[in-house]
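Student: I would like the entire structure built from these sequences, with the hints used as guidance.
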Amino acid sequence: MNIVADATTAVSSSTRRLAVDVSNVSLTFDTADGKVEALSDVSLQIADGEFVSFIGPSGCGKTTMLRVIADLQQPTSGSLTVNGMTAEQARLSRAYGYVFQAPALFPWRTIEANLKLPLEIMGYSEGEQKVLAARYLALVNLTGFERKFPWQLSGGMQQRVSIARALSFDPALLLMDEPFGALDEIVRDHLNEQLLKLWDKTRKTVLFVTHSIPEAVFLSTKIVVMSPRPGRITDIINCNFPRDRTLEIRETPEFIAIAQRVRTGLRAGQSYDE
Amino acid sequence: MTSSAAALSMPRAGARRQHPLVARLAPIVTVVAALIVVWYIAAVLMNLSLVRGGFEREEAPYTTAELIAGTMDAERPLLPAPHQVVVAFVDGVFGYAPNAPRSLVYHSAVTLSATLLGFVLGALLGIALALLIVHSRVLERSLLPWIICSQMVPILALAPIFIVVLGAIGLQGLLPKSIISAYLSFFPITIGMVKGFNAPEPMQLDLMRTWSATPRQVLSKLRWPTATPYLFASLKVAITISLIGAIVAELPTGAEAGIGARLLAGSYYGQTVQIWAALVAAAVLASGLIGLVGLAERLVARRMGTRA
Numbered sequence: 290m291n292i293v294a295d296a297t298t299a300v301s302s303s304t305r306r307l308a309v310d311v312s313n314v315s316l317t318f319d320t321a322d323g324k325v326e327a328l329s330d331v332s333l334q335i336a337d338g339e340f341v342s343f344i345g346p347s348g349c350g351k352t353t354m355l356r357v358i359a360d361l362q363q364p365t366s367g368s369l370t371v372n373g374m375t376a377e378q379a380r381l382s383r384a385y386g387y388v389f390q391a392p393a394l395f396p397w398r399t400i401e402a403n404l405k406l407p408l409e410i411m412g413y414s415e416g417e418q419k420v421l422a423a424r425y426l427a428l429v430n431l432t433g434f435e436r437k438f439p440w441q442l443s444g445g446m447q448q449r450v451s452i453a454r455a456l457s458f459d460p461a462l463l464l465m466d467e468p469f470g471a472l473d474e475i476v477r478d479h480l481n482e483q484l485l486k487l488w489d490k491t492r493k494t495v496l497f498v499t500h501s502i503p504e505a506v507f508l509s510t511k512i513v514v515m516s517p518r519p520g521r522i523t524d525i526i527n528c529n530f531p532r533d534r535t536l537e538i539r540e541t542p543e544f545i546a547i548a549q550r551v552r553t554g555l556r557a558g559q560s561y562d563e
Numbered sequence: 003m004t005s006s007a008a009a010l011s012m013p014r015a016g017a018r019r020q021h022p023l024v025a026r027l028a029p030i031v032t033v034v035a036a037l038i039v040v041w042y043i044a045a046v047l048m049n050l051s052l053v054r055g056g057f058e059r060e061e062a063p064y065t066t067a068e069l070i071a072g073t074m075d076a077e078r079p080l081l082p083a084p085h086q087v088v089v090a091f092v093d094g095v096f097g098y099a100p101n102a103p104r105s106l107v108y109h110s111a112v113t114l115s116a117t118l119l120g121f122v123l124g125a126l127l128g129i130a131l132a133l134l135i136v137h138s139r140v141l142e143r144s145l146l147p148w149i150i151c152s153q154m155v156p157i158l159a160l161a162p163i164f165i166v167v168l169g170a171i172g173l174q175g176l177l178p179k180s181i182i183s184a185y186l187s188f189f190p191i192t193i194g195m196v197k198g199f200n201a202p203e204p205m206q207l208d209l210m211r212t213w214s215a216t217p218r219q220v221l222s223k224l225r226w227p228t229a230t231p232y233l234f235a236s237l238k239v240a241i242t243i244s245l246i247g248a249i250v251a252e253l254p255t256g257a258e259a260g261i262g263a264r265l266l267a268g269s270y271y272g273q274t275v276q277i278w279a280a281l282v283a284a285a286v287l288a289s290g291l292i293g294l295v296g297l298a299e300r301l302v303a304r305r306m307g308t309r310a
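Going down the list, the protein sequences come from chains A and B.
Numbered by the working numbering, the letters in the first sequence go through residues 290 to 563 in order.
Numbered by the working numbering, the letters in the second sequence go through residues 3 to 310 in order.
In silico lysine-lysine, DSSO-like type, Cα no more than 30 angstroms apart, as pairs: (1) A:LYS419 x A:LYS486; (2) A:LYS486 x A:LYS437; (3) A:LYS437 x A:LYS419; (4) A:LYS419 x A:LYS490; (5) B:LYS197 x A:LYS437; (6) B:LYS223 x A:LYS419; (7) A:LYS437 x B:LYS223; (8) A:LYS490 x A:LYS437; (9) B:LYS223 x B:LYS238.
Hint data in this document are derived by calculation from the structure and do not stem from the laboratory.
Tutor: Have a look at this one:
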C-alpha cells in the first residue's frame, strides 16, 4: 500500500521528506522459552510533521518498534532510516526526544535541573540551558515550578516535565511510549489537548504508542494498528481531522467511524485459538 | 531505677506523654537503666568469690553488705562495676594533659588518626574497585572472588604479617595500621557501591542513551547520584570497621600508644578497669564517627532534595 501518497492528502505538499522509513524490519528475541518474534517483516513510512499512533494489544511490538527507531534496540533483519540517516546516526545526532511510560525524572534534580540535563550532556552553554529550560517549561505550562523537586509535583505534571525535557534540545522527532498510560482519564484528556497544541506549535513529527482507541483517533493523522505473535502491522488508517481539533470531535460520526475501523483492525489481529 | 519507673508510668500521665523530648528519650533511658541494673547484678555475681576469698585470706569477719560493697570496689575485678568504669574513663579523659601517656585522649587521638587515614584509603580503594567491577564483566568475574576471599582470612592472623612486611620496606607507625584498617573497610564500600552504581532504573539508562551520553557522563550524572544513599550506608559500616582495624593493628605490634595498646597493657597487668575504660573510649569514638557520617549524609540528602 502506498502510505506516503495517502498521508499527503492530510497536508498538501507531495515532495515531503520522510521522517521515518522502515522497510522489512524483523526483530527476534531469544528468551528462556524460545524465540519470540517481536516484529515480523514490518514496513512503514512516516512523513515529516505527522502524528502517528501505534495501537495494539500487549506484545504486538509497538514499543519495540519505537525502540528500534530510537536505536535502543537493533533489528535482526531489515533496514530503516530516521531523518535520512541510520537509526544510530540519528541517535548520535540527537534527532529525537523520547518520552517513556513513566516520567523517569531524576529525583535529586530540581525541575529546572531535570530540563537542563540533556542540554548539559549535549554541551549547551549555561546561558542557553537557562533560556531553553524556561522556554520549554513555559510550553508545558509549568513556569514557576523551577525550584521544585519531582516528588513535589503530581504525576501529570511530572509527565509534562518529561515532555518538555524531550523537546528541550529541539529534536525533529518526538517518540512517546504510552506517556499518559499511568494517568487518570481526566488528566489524560487534558494532556491530549495540550499535546495537540504543542504538536501544532512545534511542527514536530510525533510517534505515539497507546492502548487507547479514543486517544489514538483523537491525536493522530495516521493510526498504525498492530497485532501480536508475531508482531506485525495489520492496518494503517488515515485520520484527517484539522490540526486544531478539540475534544468535541469525539462525538462526530467521522470520529466514531474511524474508532470502529481501529477496533475491527484490532479484533482481526487477535488470535482466539488460545 | 527511678527513670525506668517514670517511663513505665508514662501512659497514665497523659500530660507528660505529650512532651516530645520525654517521648523520644524515655525508651533510650529505660534501656540504658535496665542495662546498668543488669551490669551491677553481673558485677556482684562475678566478683563475689574473688572478694569473699580476699576476706577469708585475712580471716576477718565480714557482713553480706560489706561483701556486696566489696564487689563494686575491687581493684582488679573480673567485671568492674559501671561507676568504676565511668570514674576511670572520666579520669583518663580529664585527669591528665592530653599528651600524657596515661591520657585516654592521647591514645584515642593516636587510634583516630590511623582510623581516619585507613578509612579514606579504604573508601578510595572500595569505590575504585566498584567502578572497575561495574564497568567490566571480565573484572567482575576476576576481581570479586578475590575481594570476598580477602575478607575470609582473620585479620588477627594477617595483621602481624602486614606489620612485618611493611616494616621490612621501611614503613612504620601510622601507615601500617591504616593499611590494615583500609584492608577491612574497603569491603563494605565495594559491595555497597557495586549495588549503588547498578541501581539506576533501566528507563533512566535508556534516556541517557537517547541523549548519546558518554560513559563518563552516565557515571557522573546518573550512577553517582543514584549510588549516594548506598555510599553513606556503606561508609557507616566502613568507619566502624576502620576503627576496629586500627585497634586490632595495635595489638600484635606492641604499639606503645593507641586504644589497642591500652587494651593490651590492661590485659597484661590484669587492669580490667583500664580495659573497660579503653573500650568505652572506643565506643565513644565509634559513635562520634558514625554521627559525623550521618551528619554528612543528612547534609547531602538535603542538597539532593530527598523527601524529608
